[in-house]
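J.: Using the sequences and the accompanying hints, generate a full structural model.
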Amino acid sequence: MRYALTTMILILCGALSLAAQPQGGRVPQFEQAAVERGKSTFFVNCGFCHGGNARGGDGGPDLIRSVLVLDDEEGKQIGGFLKVGRPDKGMQAFPNLTEQQVGDIATWLHSEIYQAANRRTYQIQNIVVGDARAGETFFNGAGKCNTCHSVAGDLKGIGAKYDSVTLQGRIVMPRGGRGGGGDGALPPGPLPTVIVSYPSGESTSGELIRITDFDVTLRLASGTFRTFSRRDDDVPKVEIKDPLQAHVDMLAKYKDADIHNLTAYLVTLK
Amino acid sequence: MNMQGGRNHKKHKRHKRAQRFLCFLCFLWLCPLSVFGQQGLDPSLLLEAPIDAWPTYHGDYSGRHYSSLNQVNASNVKSLSLSWIWRGNFTSAGAIVGGEGTDEFNGPGVVKAIPLMVNGVLYFSTPDNAFAVDARTGRTIWHYFWKTRGGIHIGNRGMGMYGNWLFFETPDNYLVSLDAATGKERWHKLIADVKQEYFSTPAPLIIRNHVIVGMGGDSLDVPGWLESRDPETGEIQWKWNVTPRPGEPGSETWPDAYSMEHGGGMPWQPPTYDPDLNLLYVPTGNPNPVMAGQSRDGDNLYTASIVALNPDTGKMVWYFQCSPHDTHDWDATQVPILFDAVWEGQTRKLLAQVSRNGFFFLLDRTNGKNLLSKPYLESANWYLGVDAKGQPIRNPEKDPQIAGVLVSPGSSGATNWPAPSFNPSTGLIYVGTTQSYSMFYLTDTDPRPQGYGAAERGAGNAGSFLRAIDYKTGDVVWKRATTGSAQGLLSTAGNLLFGNDGAGNFIAYDPKTGKPLWRASLPANPANAPQTYMLDGRQYVVVGAGDSLYAFFLQQ
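Residue numbers (the working numbering), protein chains in the order written: chain A, 1 to 270; chain B, 271 to 826.
It should be emphasised that the hints constitute simulated quantities derived from the structure, not laboratory data. Be aware that a few hints might be false.
To be verified - The calculated lysine-lysine pairs, modelled on PhoX-like cross-linking and capped at a C-alpha distance of 20 Å, are: (1) 255(A) x 668(B); (2) 237(A) x 619(B); (3) 644(B) x 742(B); (4) 742(B) x 619(B); (5) 668(B) x 253(A); (6) 644(B) x 749(B); (7) 509(B) x 459(B); (8) 668(B) x 76(A).
T.: Here is the structure:
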């Protein structure tokens, strides 16, 4: 038995489990009204020293990284601390803050910590900074996008169909990959197609679901699955065609400006 | 086993037995008698290639993931078949229960550990669980369950063993010591604060009377360190901070004291060790904030580095930085592989790392001098070259930007934590790799960014391969496509390379060509490297996959 030289790469979707320090654990719930009140109370009473975003200022430390704040449970430790302050370091006491005000500040600080520590919550800023005209030139020129796509056909109105980040993701790789989850989840792209054929002439085609050195699984047009064993004499013959291969090939060719310009161009296709 | 191999093996064993006995006498002099019992670990096993034991995470101190066993070999591997399956119960039911918390994490159990095997018993851990399993039958002997205070339950690499005592770390950052015979807890010690987003996954490493402990956690900007604890009492013997303090060497690579104190660098991979040089090789994690580097100008030592420490004092002897000023969460926590081999006509003490950033590094492990730096990932697009010290020069244009930059590899890396393997017969290092791409978006433009500071969106993959790298050149001698990425590997003197294809097939490859010689289709893909041992004259090969362990041997 001769094993096939190539095993098709199927990173179809989802996250790999190999993150250095991946996210996990329970998702805390923050009362939004308390968060808003806490932010205001903090800004008025604490922002001068600690900065309006609590990341520290000239007079006070970053509270998002404060061990006291991190260890706090429902404002208990923060409240106790605010009653006495830290006079030796210039931190005055705040004995007049009400229990609710302290609780609100604590809620806001903990929500800020959660936002900082959980990258799935990060908001991508405005990424439409490219030159739409240059993007159009690339689309019809070096990028060869018009070989498969048409702005009057399959891409008509695509600028209205997707937000800019999703659109950029679909330009680079419609199938997505690691990091594609959460708010940035990409719709699944088309699967590769495969033809499995035997010397007898028997042939089966469908969407490629899985291929290894030992087997290949197809989804037939009827929706049913079928798996074939593979032998090391290249029987059956397996021919794979990935409709997204041009996108894969472009990964090594793109300049970042090309991606920015293409995005700027496609968002105009409303 | 062939006859020639058998004679050499016996001679080798006699010599090793004598060595072992001498070491054992030394150890008796150094340690109290109470640590030795019928089930305990003969400490000299840690000083030699594993044969009838797998006494530490990497099998031995070298990190080679190489076994001199050859009963299972290329000529008979087609007869390798199932001996037993162990499937875990990861709840507190029927277990010895410990822990400082009140919660029971009953998530899916995945064995990412490499089990120890000592005197016929396998010892391994998963988040909040520790197990002793009969290495002959796969039956559970005892189960210890830890009630948690929280923490990220992503995985656990396994245990360390000293005499009769076991050590493992928990997601809420405790070092727990158990009696290997009974599974009863001896003590537990707090390593780090779970509320600061620390979580612990490494397998502790035992060096003489040092329990070497690291931790992880880079969701917030907290400092990383490595520490040594006393196996008797659990008390700290020394602590090495990954990032320097003001005035210390390396502090010139940070803008200020504050950035150093919040600079990360978690050492979350079990280190390797050279007993002759008495040097501990520690691969360190990424700096913090992870992807927004504007508050930490400079190289950010000693993050994303390989560092040599004296294991008795924790003092640094040398360092080599793999990713100066890392902004892609790559770190450098891949295994520092130790071997003696020819370099430019002379046998040298070498250290190799197939690093997550896509570079292969070869160092002189006596002094950290770089011998070779070579990219092994065709798609890597983030560097401008290599400096005089052999360290990659990053392209700042590939740091995360507001509008997005396309970078390969993505943050999951060209490879990752699962153990690669070095085969001294082929001179090849085997490693699972992927040519991933990601868009990196700077999201936190504040002068004081927090946490990751950037978002990542996967952008595809130009191919995943099991690669064989020639240590002398850094060239990829062969590669074989997989559907996975990083993977745990094991080489044996039986001319076999055990690994997987990412699709659930546990495979024995020809180490010279990459051709599959044998495979078993498992319900889940192996999560880490297999290990192997001799027991009752039979060679077992054991691998964890999903919630189970699978043991294979030759049917008789």
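J.: Hint by hint, say whether it matches the structure.
T.: Taking the hints in turn, this is what the structure says about them:
1. 255(A) x 668(B): holds (11 Å)
2. 237(A) x 619(B): Violated, at about 48 Å.
3. 644(B) x 742(B): The hint holds at about 11 Å.
4. 742(B) x 619(B): With a Cα-Cα distance of about 13 Å, the restraint between residue 742(B) and residue 619(B) holds, given a limit of 20 Å.
5. 668(B) x 253(A): holds (15 Å)
6. 644(B) x 749(B): holds (16 Å)
7. 509(B) x 459(B): Status holds; Cα separation ~15 Å.
8. 668(B) x 76(A): violated (44 Å)
Violated hints for the displayed structure, listed by number in ascending order: 2 and 8.
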